[in-house]
Every structure is written in structure tokens, then in C-alpha cells.
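*Asks:* Please construct the entire structure, taking both the sequences and the accompanying hints into account.
Take a look at the letters that make up each chain.
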Amino acid sequence: MKPRAFQYHAPESVGEAVGLLEAHGDDAKVLAGGQSLVPMLNLRLTSFEHLVDLNRIAGLGTIERSSGTVRVGAVVRQAAAERSPDVAVGAPLLARALPHIGHFQIRNRGTVGGSIAHADPASELPAVALALDATLEVSGPAGVRIIAADEFFLSTWETAIGDGEILISVDFPSWGGRCGFAVEEIARRHGDFALAGAAVGVGLDEDLRVVRCAIGLFGVGSTPVRAHDAEVALTGGASIGEAAALAAADIDPPGDVHATAMYRKEVAAVVVRRALAAAIEEACL
Amino acid sequence: MTLVPINLTVNGERHAVAVEARKLLSDVLREDLHLTGTHVGCEHGACGACTVLLDGQAVRSCLLFAIQLDRSEITTVEGLAGGDGTLNRFQAAMQECHGLQCGFCTPGVVVSMTAYLADHDQPDDEDLRVALSGNLCRCTGYQGIVNAARLSSRGAAVAGGRPGSGPTA
Amino acid sequence: MSTTTGTSSHSAAGRYVGQRVARIEDPRLLTGHGRYVDDIQLPGMLHAAFVRSPVARGRITRIETKAAAALPGVRAVLTGSDINPRVHQFWHSMLGPPPEMGGQTPYPPVRPLAHGDVRFVGDPIVIIVAESRYVAEDAAELIEVDIDPGTPVLGYDAGTNPILVHPEMASGTNVSEAVPMPDVPEVEAMFATAPHVVTRTFRQARATNVPMEPRGIVVHYNRFAGDMQIWAATQSVSEVKSSAARLTGLPEPRVRAIANDVGGGFGQKMMLSRDEAAVILAAHLIGDRPVKWVEDRQENLTAANQARQEAVEVTMAVDAAGTILGAKVHFFEDVGAFPSGTGSSASMAMGVFPGPYRFPVVLPASTAVFTNTVGKQAYRGPWMMETVAREQMMDHVAREIGMDPLEFRRRNILSADEFPYTNCMTLVYENVTPSETMQQALEMLDVEAFRAEQAAARAEGRLLGMGLGVYLEPSAIAFGMLSSDLAVLQMDPTGRVIISMSTGNHGHSLETTIPQIVADTLGCDIADVVLIQGDTATSPTGPGTGGSRSAVIAGGAAQTASMRLREKIVQIAAHLLEASPEDMEVNASVVSVRGTPSKAVPFAQVASVAHMAPDSLPPDMECGLEVTARFRPPGMFTWSNAAHACTVEVDRETGMVKILRYIVSEDCGKMINPMVVEGQIAGGVVQGIGGVLYEHFAYDGEGNPLTTTFLDYLVPSAAEIPDIEIGHIETMSASLGGYKGMGEGGAIVSPPTVANAIHDAVAHLGVHPTDFPLGPSQIRDLLRAVAT
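Residue numbers (my numbering), protein chains in the order written: chain F, 1 to 285; chain V, 1001 to 1169; chain G, 2001 to 2788.
Some clues are possibly wrong.
Reference excerpt, derived from the structure (chain F facing chain V, CB under 10 Å, subset only) [as the list claims (entries may be wrong)]:
{"hint": "1", "residue": "3"}
{"hint": "2", "residue": "31"}
{"hint": "3", "residue": "39"}
{"hint": "4", "residue": "43"}
Calculated from the structure, these hints are not laboratory results.
Yeah, the Cβ is synthetic: ideal placement off N, Cα and C, and Gly gets one too.
*Replies:* Below, the structure is given as C-alpha cells:
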């Protein structure tokens, strides 16, 4: 189980990296933490003639919190984000999701940006980005552009990042007021990909009514799924059970050796309900 | 095959080696530096046997290309005990609690928990089991390893489960 | 009786057996200084990789190797037509030669590499030998193999399939072995009139041993010297040596096999596999450079032999009072394409099926079939389907007749006054304590308190359950070449001893436990005893490890040798002290006259005399201080026993199972090192838990494996596992030292124990699980089916 040969590039600037990607096209692949990519290379499930390592580029490894957002650079390690007070305060949903990723050794190397750009539909961070309406900054031959999370995830391992572009940072909007967040997932073992999972946020008014709601599902399709109908229903006065049923109603999850499609659909409703309950409880504190 | 020269500091010792770009850190440690304590159990980041410290952080050496790590500091299991062979606190606890049988997963467990326990005060049992979940062991049922983690973090182990839970005679 | 206390203790010299002696092997393993097969690096060493079949069954129409052979760094590209004709013989010592050579074991066809056709996904077709594993894998990708795929043979009904897995076999059927159900009219009459007759079929999930170190071998054939040196990840270096000699035609003394440290085996490394045979033959062919093959995890999961693809149909008759009247049991085994030997464990399973209960009669039958899947081999308790079936059946029958499963067990379990007891399959149980371990486990659990907790939880809609499992473990299996073991004990001129044995280091702790026995028996410090094992050049021929044999048989040999050596030491000392041997005592490596401590002579002096001063020895005594002792235990089995209990919570909505408590009461006789015993228990239990809740090596309907990495083949981690609470009962066996084996039991009875706990949690809903795995999706399927 050894990877095919490749040429290794360690650019020291975004411009240099973009130039390499532009020059080598589909033969090149960005390497961030490598915790998803390298296993696939070792298994020879995929290979590239050129690997462009982002880890030597200055400035991609910082977390910045401003009034309305937390900006996480592309190669910020998941473990660093997990420990970051800025993330804890400004993007609590991200903080809740991070411990579910793999194991601490994986998070020590894996990056927030890499996980989102890898776009595995069963992983937590794409669903968090989607639920929070994160925006993603990419840099490419035509300069910098911002992609909204709901336009970012196209299919399994497929995103709106274009040819020659790299993800530079992710902005997670901070919520104000009385709010709560929760991540619930069902996985066979600790650290496994979720059979079904939900990342949710709720905002309450003074009377403890839900006035804001965001629900991102993972493990239930070819992309993370935003449960808009359920969000609207909940803010419109539906019970969390009703909202959870709505969230699961339209999904069409896959079946595999670990769980049937029916199981995933059923359990999607359970994790949404449990996550909403936990988030509302937190918001009520 | 192109070889690229890199410098690695491993267990405090500087090494200049020439590596093929695709060569995994685990293989470079084992084959080029003859540090065979780092074990290869899955090469897809799941079993944890190959865990080493990279700039002080526990990482999978099978998911890193050595070429990425020019001028990095690496600690392997060979670098944890004292120069005179004195076991570190967790290693000693592993022996005390029978935390290893065949010993193959052991280097990854020792590296991981040495790093984890240095960063975490008074972890509870669930913390310890979750921290250990990235290291698969097929021999011990984890009982001795969990006890070793308890012993080295709190100074007490529980071998057969709950103290006094069974009859004595 | 006692429960476990905490940790190891470093006792003062003198008494080691029975104490938690810290392991001698640990410091090197904890610091990264063990030596496993992959750590071997030799000058000029080459690396092997295989091209394997991507389809379950098919005809090979073309193999194109030119591009691979031309790749820089590739030394050899060998196919079945290169390798297979070089096989002289390929059979396993434990099972004896095949029928055409006068033996009785019906082996599958002998072919290290596929030739003409492929018979499972993973079947090795080509072996490549290159300067590095990287290059070997590159070359593998350049080899073109055209296969005309055929319909694979799959499933327990393969015996009725006209397509044959092995068309060249004379049997003309996919049934590899079968025993028909005996026709006994009086038993049929009993079943016809029994108040209760219950039938269930229990299915296990295919699982694989998963030693953390995969298989591996380094072979150096020096054609100029005519000898072969092998380093292997094996449970038996003797078996590697013998197999390599048989394969190549080399005389056995020309082959040396070494295993320093081995990263677990659990049965997978007992017998030489086809892949390893291909490496040996390739190295033999290449003839001057060492060849290393260390499989990767995907190979280990897809091409190393597996286990547990088994189903058991049980019909049990019970009288109105809940007394077992008898059973009919049919074992079904899917042994895959190339099992290790026959792959079948049915004959053993039949004998031990009655377990710890009074069964007046059991009628057994078995059917083992070849299929186009990876072969079957031993995995910790290879026959354990009998316990899996029986212990679940006890619960199913009890519920069917409206009796508490505990009460049903109590009525039928053998009690202390019934031993020795000959079970209805003619096996004799003695020195076992099934009732006592069950009682201890139940006390540790506190059934009453749990039932109250369960009722309270159920009132809240939560599902809690408790399960029990009881078994007798036929340890130290002693037949054929497994019957005995040899110890060679030598005291050097300084008074320290080396003991050489056929065993190896792959987790059994023998480097510590054998010296414990030797030190106690001789009367010396444990630091003065060194075990030499794992090298056919320095250790005697023997079966290695397996069949839970080491404590009883290797331990018995070590103890016998030590007694003989001690006798000679005492004789020499008595002669030197001008005293009678009967008046001598030994303490801390000093022989003295009892009651006169000043009249003493240390081992070092005795040894020095024995080696250097033959004329000072008693007349007619041979010089030197070495003995050999071969030990054969008194019975074919040395029975140990245990009872397991566990409690679980089943999440009704998600089907997730959490084990709340896991309890073991074990009677393995005199414990040499309780810490090691508990380690074996915990390890076995967790493998068994894995087999119920997590592990399933799955194939699709085309014979394609679906769980080929650790992301899909789910080995339990620490986070899924509870503390295991252990109680001990020590009833001496009839074997020397009172030891019993216990290495497999944890894995044998934990699966039905966990299954019974899940059953208990959901039975009131009308759910009665019979099939593994019991993953969350399967449990939801069961719950959904009864939902109203």
C-alpha cells in the first residue's frame, strides 16, 4: 500500500501555488493536512503527477475573529481550531463538531479548510459550513472570489472550487443574542464517519420562542444537506419532532454495509430532534 | 526516481537523508533511519501504530511524506525513555498494568498517550477511552492500557473493573 | 475465590507462580526495541508484492508481464506456471499429509498462485520481486490479467450448486466435509413426545483475526550453501521450517526459521499460507538475494484466511419442568476457496456442544462447503460456534417455555458433585466449576439490583438487558503433534539457566511466565532464568503456540525439566557437602543442609563443579548441568471454565448498543500470573464483542469484499469497550502444577453473552435476535418489524 510516484511542490505563496495548479491542471492536487488524501493515495484509489503542498505558505494558518465572523485559514489544524477561544466564542457550532472528527492524532494534522474542500458528505465540517451560511474565499488565476456555502458543495468530493483555485479561508458567521448549538451523530465507533448526523443552531427570542434555526445534515446523501423546510417549520411554531420529521422527509440517503438507506433516513430524524433539543436547552440557559 | 535531500531532527539527532517524494515518513524512519519502533499497521491512518510526534504533536507517520517535513523535529517511541533506558511515566504504567501483550500497537499507544497526558490534567475515564480510540489494539481489550493511563494521570489504576465489585475469599 | 486487585507486584525472589510479576519482555517493546519481521533488513534484500484477482471466479485468458518485468528495479515477475510446479509438498504438520501421501486430511488443491483460473477476490496470480515495495507495487499495476468472469459459488447451500469451486477435486461437489444427522429412532421418538421442542438457527458474521502486525516473511535462500533462512510472523517457527522444507524439497536441517517478536496471531499465523509459500518458492528460485513480503492491511483483510462464516441449527427438546431432554445440532461452515487445511471445526464443536449442561443426548451433523471467498482458518476458539449456538439457545428455549433463562440454566447446569462427568459425546469433564463461576458472575452483577434498574428504565421507555454465558473450555488440546512439548534446560557455569522451547513471543507473556515456573521450581531468582524461543536453530521442534496449550504443556515441560535439574543440583551439592540429598533444601540459588544453614553451597559453585571439575562430581554422574523434558498432559483436554455476564442498553431509536457492565468469573486452575490471565480474558472478550456488534467481513452477491480497509472492517476501539470486571476461582487441574489453558475462552463465550443481553433488552417487544452482526441497522430492522 504505497502511493504512486509524484512530483512534490512546496510553494511559499498563494500566487506560486495558484501558478503551479494552473500549470499542471488536472494532474495537480492540493495537499493540506492530507488526512483524507494520503490514505487514498496510499491505497492507489487516486493519484496525481503533482502534489502542491500548502503547508509552507505563510498566512494560511491563522484564526481571526471580528464582530460578525470567525475567519479560519485554509491550513488551520482542526486541533488548533478545537482549542481556539475565538472559535469557541464566535463559532460554537464548529467547536462542537471538531471533536467528532477522527481521533486527536488526525485532528493534529487535518485542517478545517481541507475537510471542507474535500467535501466528504459524511463528514461534519461541510454540514457546519452549510448550516452557518459560511462563505469560502478561494484564490485563482482570475483573482479572489467568495463562494457561499450553499453553492459550494456539488457532489461527493466535488466542490465549486475551479481549475487553478485554492481555498484560502472560511468565514463562519457568528450568531448574536440568545442562541444554542449542537452536533448529534450516530457513528458505528467513536471517530467513524457518521451514519447520519446533524449540526444545528437555534436562536430564541425573549419569550424563548425559536426565531432562528439552521440545520445541516451529513451522512445522508451525496452532499451535506440543509433542511430549510424544517427550519421554517420550527420558527413557525412546529414542534422539534415535526421539524425533525420534515428534515428527514426529503433526503435520499445511500445504503451500504453499515446501514440501510431506510436506517439513515430514520436516524436522520432522530439526530435532528436530539440536536434541536440540545441546542434549545443550551439557548434557554 | 529522483531523490531529494532533507534534514530531519529525530529524537534530538539531526539526520540528512535523500528521499523519493512519495516515501512515507513511516518508511523513512524505519528504512533510512533504522528506527523500527514506529510500526506500520494499516497505512491509511486508522490503526495508530505509526504515531510519532511532529513538532510535539502526535500524528500518523503513514499519512505524511517525509519530503514535507524538511527541518522538522520528530520524536519516535525510541525517543521517549531516558537515555539510560528509564521508562517514562506512561511506559512504566504500561508495564505495571499489563498494557501490552504482543507489543505491536504499543509504540503508537505510548507516543499518543505520552503526548495526550502531557496536555490533559485529570482526564476522566471517558476522556481516556476517547483519547485511546485512535489506537487499535487486538490483544489487551484495552483494559491494561486504560489502567495505565489512569495510573499515570491519577496515580491509581483499576484492573478488574470496579474496586470491590466482586466477592472475595 | 478472589477478585482482581490492581497491578503487578515485583515480588522478592522465591515465589513467582501466582503473582503479578511484571513482564520481562515489556521494556524492549515499550521503547520501540522489539524485533518484528518487518524490522529485518538484510543486504541486497528484495521486496515482494502480489497481483490479486479482482473477481471471485473466472478463467484467466491472458497474463502480460513484459512491461512490469522491464520496469527498473524489478528483479522477477513470476506466475503460477513459474511457482506452482516447484512445490514438492504443501501440507500442515498439525493435520498431517493429504490422502495421496497416506494421510487423512482432504486439503484443497495445492497451488500457491492461481493458475488457469481464479477462485476468490484476492487470489494471488502473480508475485513480483523488486528493489522496494514501492517499485513492486508499481510493477503490479503494469501487469495485465484478462479474466473471463464466471458466476461465483457463494452461500451455505454451495453443496447443491452444480458449479464447482475446485473442479479438479475428485469429490465432484462443493461439500468439503459432511457428517450426516444420525438416524436414531428412540431419539426421534423422544423428540416426538417431548413437551417442548424448539428450533432456532444462529448465524455468525464472517470475521477476521486482524493481528495488528499483518502476515510477513523474509526468506533468504543461499543457493551456494544450499540452506534457507527465514524470518516470519508466525505462531510456530517449527511449522515454518517444516513447511518450507516440504515446499522446496530442502532437507529440514537446511532450513532455519526465526520469529523474534510477532505482532499477534490469534490463529492466523499457525499454518503457512499460500502467499507465504509463494514467497518461499520465489526466493528459492531467485536463489541469492533475500526476499521480504510484508502484506499491507488491505491484503490482510482480503486475502489472509478468515473465520466465523458459520450457522448452527439447533433443535432442543425440554420436559415440562424445564429439564433438557436432548438436542439435534447441525453445523454449517463456509470454508471459502482455500481454507487452511480443511478449515472445518465441526468435529470439535460436536464434542463440546453439550457444554456445562446435562444433555442426555445430542445428535450432531455438519456440512462444510467450498465457496468463491477467502478461506477459513482457526480464529481464537475455532469451534466456538457451539457455544454461540448453545448459549443463545438456552435463552431462546427458556423464553419459549416461559422460564427465566437463569432458572433454566440452574436446572440444567452440572454441579460440583457430578464430576468427573462424561458428556453424551463421551468427553470427560473434571476439575471444573460451571455452577460456581455462574454463581460468582451473578453475584458480581447483582441480578436483583439490575432487574430493578431495568424495570425503572423500561418505565421510561429505555431498553436495558442482561445476558449470561457459561462454557467449558477444552484447553491444552493435545492430539497428534500437539500432544507434547519439549523443554531444554541448561545451567551455565555461573549458575544461571537458559530454557529453550518451541514457543514464540506474540503476546502470551511466556518470556515471563515460563521463567516464573522455572525459578520457583529450581529455587532461584527469576532474573537468572532466560527463555530462548522462536528460532529453530536454538529451540527444539514443537508445535509453537495454539490451542491454549502453553501454560499447561509448555509450562508442564518447563516444570518437569526444572524438577530434574534441581534433582541433579541437589545431588551434586549433597556430594560436595558430604550430606544426604534428602536432607537438602534450596533457597535463593543456595543449596543447604536443612537446619544447618552454614553448610551451604550456591548454584554457581555447583554449576562450576558440574562444568569444570568433573572429578568432584558424585561417582558415575555425567558432567554438565542440562536436562531435557518432554511433557504430555494427562488428558487430550485440560478443561477450564468461565461464566460471563453483561448488561447493555439498546437505544430503541437508533439501534445503538452500549455495554454497561461486563463481568467474567474464570476458573483456569492455578494461575501462573493473574495479570497475564486477566489480559488474556479482556483481549478475548473484546474480540468477541467485536464479532457481535462491529466486525463483519461482508461480501456482495458477486463475491466482492465490501470491508477491505479499517474504515469498514470495524475493530472495536477503547471508546466502545467497558471495564471488564473479573473474578477468579482456582480449581487445580490434574496436570502438573494444576495449570489450565484459558487463552480462547474470552472470545468463545462473549458473543452469546452480549447477544443474550440484547435479547433480554428487546424480548418483551417480541424481538428474538439470532443473527450476527447486531449492528445498529440490523437492530433497527428487528425493532421496526415488530413496531405497531
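*Asks:* Taking the hints in turn, state whether each one holds.
*Replies:* So, going through the hints one by one against the coordinates:
1. For the restraint placing residue 3/F at the interface with chain V, the shortest Cβ-Cβ distance is roughly 5 Å, inside the 10 Å limit, so the hint holds.
2. Among the interface hints, the one on residue 31/F holds; its C-beta lies about 8 Å from the nearest C-beta in chain V, closer than the 10 Å criterion.
3. At its closest, the beta carbon of residue 39/F sits 4 Å from a beta carbon of chain V; the interface hint therefore holds under the 10 Å criterion.
4. Using the Cβ-Cβ criterion of 10 Å, the hint placing residue 43/F at the interface with chain V is satisfied: the shortest such distance is roughly 6 Å.
Hint violations for this structure: none, all hints satisfied.
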